[in-house]
Amino acid sequence: MIRKLRFRFAISVILSALLILVVLIGAINIVNYRRVVSDADRELEMFVRPELPEADPNGQTPPEGAEPPEDMVIMPPMFRPETNMYSAVYDADGNIMDSFTSWNSMYANDTMEANAQAVLKGSSEKGFIGDCRFIKQKQGNSTLVVLLECGPGLNNYRNFMKNSILFSLGCLVIISIAAVFVSGRAVRPVAESYEKQKRFITDAGHEIKTPLAIINADADVLLAELGEDNEWVTDIKTQTRRLSALTNDLIRLSKMEEGKKSLNLGKVDLTQLVTEQANSFRSVAASDDKQIALNCSENVKTEGDGDALRTLVSILIDNAVKYSPEGGKIDVSCRAEDRLAVVEVGNSTAQPIADDELGKLFDRFYRADPSRESGKGGYGIGLATAKATADAHGGNISVHKKNADRIVFTVTLPLSQ
Numbered sequence: 027m028i029r030k031l032r033f034r035f036a037i038s039v040i041l042s043a044l045l046i047l048v049v050l051i052g053a054i055n056i057v058n059y060r061r062v063v064s065d066a067d068r069e070l071e072m073f074v075r076p077e078l079p080e081a082d083p084n085g086q087t088p089p090e091g092a093e094p095p096e097d098m099v100i101m102p103p104m105f106r107p108e109t110n111m112y113s114a115v116y117d118a119d120g121n122i123m124d125s126f127t128s129w130n131s132m133y134a135n136d137t138m139e140a141n142a143q144a145v146l147k148g149s150s151e152k153g154f155i156g157d158c159r160f161i162k163q164k165q166g167n168s169t170l171v172v173l174l175e176c177g178p179g180l181n182n183y184r185n186f187m188k189n190s191i192l193f194s195l196g197c198l199v200i201i202s203i204a205a206v207f208v209s210g211r212a213v214r215p216v217a218e219s220y221e222k223q224k225r226f227i228t229d230a231g232h233e234i235k236t237p238l239a240i241i242n243a244d245a246d247v248l249l250a251e252l253g254e255d256n257e258w259v260t261d262i263k264t265q266t267r268r269l270s271a272l273t274n275d276l277i278r279l280s281k282m283e284e285g286k287k288s289l290n291l292g293k294v295d296l297t298q299l300v301t302e303q304a305n306s307f308r309s310v311a312a313s314d315d316k317q318i319a320l321n322c323s324e325n326v327k328t329e330g331d332g333d334a335l336r337t338l339v340s341i342l343i344d345n346a347v348k349y350s351p352e353g354g355k356i357d358v359s360c361r362a363e364d365r366l367a368v369v370e371v372g373n374s375t376a377q378p379i380a381d382d383e384l385g386k387l388f389d390r391f392y393r394a395d396p397s398r399e400s401g402k403g404g405y406g407i408g409l410a411t412a413k414a415t416a417d418a419h420g421g422n423i424s425v426h427k428k429n430a431d432r433i434v435f436t437v438t439l440p441l442s443q
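27 is the number of the first residue of the sequence shown in this note's numbering; add one for each residue after it.
Honestly, the hints are just simulated from the structure, not real lab data. Using N, Cα and C, we set each Cβ at its ideal position, and we do this for glycine too. Be a bit skeptical, because a hint or two may be false.
[As the list claims (entries may be wrong)] Pairwise CB distance ranges (calculated):
| no. | residue 1 | residue 2 | range |
| --- | --- | --- | --- |
| 1 | L192 | A230 | 51 to 61 Å |
| 2 | G292 | Q377 | 52 to 62 Å |
| 3 | N422 | P237 | 34 to 44 Å |
| 4 | Y59 | I200 | 51 to 61 Å |
Using the sequences provided together with the hints, build the complete structure.
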């Protein structure tokens with residue numbers, strides 16, 4: 027449990043740092059990219075601004091924003107000497123009417139002319155084609171296409187993005203290493219409290235056993251003197267047995283939560299173990315008109331504590347027999363699958379169990395149905411013990427619904443040859 031807590035703490039720190047870095051670096055790179063685009067658009071807008079004559083023959087100055095004559099060929103009026111720019115005017119049939127360039131390379135001019143043709147045929151009026159920002163504008167019966175090289179700005183943006191990503195990855199590695207080391211110190215109070223809790227349960231359980239044994243022995247003496255039909259003494263013995271069973275269950279749970287160090291490891295034949303446990307419950311199931319269907323593959327083995335695994339399987343089958351309705355069917359199976367030993371116990375349910383309650387079934391003292399009182403036996407810690415046992419063996423236990431009225435518990439353990 028403590029190891030999982032440390033893992034979750036470290037993962038939370040790493041994911042938080044990753045989220046912050048993604049948001050921060052992403053925002054900076056978006057701002058840089060938008061700056062490159064806005065600078066290019068500002069120059070393009072200057073290039074495509076039409077120059078109209080200051081006055082017509084009648085001496086009238088055209089109003090601001092007036093459109094040029096339809097047959098007028100409009101060329102960019104100005105550009106910065108260091109700017110690599112290509113512009114062309116096309117007629118309605120797509121034939122080039124005039125062009126202008128500040129590139130000195132013939133290869134670049136040929137490439138830009140091909141790019142301008144692609145922009146002319148495209149549907150976008152503004153965007154990027156390669157490392158060039160383009161703008162396309164209708165001017166009467168003609169179309170003006172201007173391409174502006176943005177290579178230096180885009181290269182700066184790409185270099186910064188690459189360096190910022192590498193820097194972020196470096197920071198993330200450092201944070202991950204620090205999180206792993208700090209997690210131990212962070213969960214230490216929880217670990218100490220958890221260890222004290224387990225020690226208290228174990229010590230208290232052993233201390234309670236002695237007075238319970240004395241009470242039970244005294245009750246036997248009273249029954250011998252007063253007669254076997256004395257309901258008061260009989261009730262004392264019944265409650266003593268229940269309290270003894272609860273104490274033993276708590277001690278067993280505490281022991282399983284200690285992990286592998288509490289196990290007597292050896293090779294366990296799951297096929298034989300599951301078969302024996304299923305057969306031992308057949309008479310109990312038959313008394314309530316319930317059926318146990320067994321399906322075990324041969325020679326399914328694992329490395330583990332035979333007694334602990336026997337208790338685990340017993341808990342699952344006992345749980346299925348107790349809470350399946352009269353006439354219900356309990357399916358018990360074991361098999362080898364993908365280097366894992368898989369044990370499944372499924373049973374029908376009298377009432378459907380909500381999806382959000384399935385995960386809580388492994389909590390201590392939890393009962394999905396309030397009507398499932400102790401008259402059924404048990405105290406709601408059997409499945410918690412089963413989960414602790416599976417975890418101690420390096421395995422896993424899960425539960426899922428199969429149709430609305432059936433649940434299946436699945437235990438996976440490392441397969442041993």
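Cβ distance range 51 to 61 Å for L192 and A230, holds or violated: Once the Cβ atoms are compared, 56 Å apart, the range 51 to 61 Å for A230 and L192 holds.
Range hint compliance [Cβ, G292 to Q377, 52 to 62 Å]: violated (41 Å)
Assessment of proposed distance window 34 to 44 Å (beta carbons of N422, P237): holds (39 Å)
Status of the given 51 to 61 Å range, CB of I200 versus CB of Y59: With Cβ atoms ~27 Å apart, the hint is violated.
Comparing the model with each earlier hint shows violations of hints 2 and 4; every other hint is respected.
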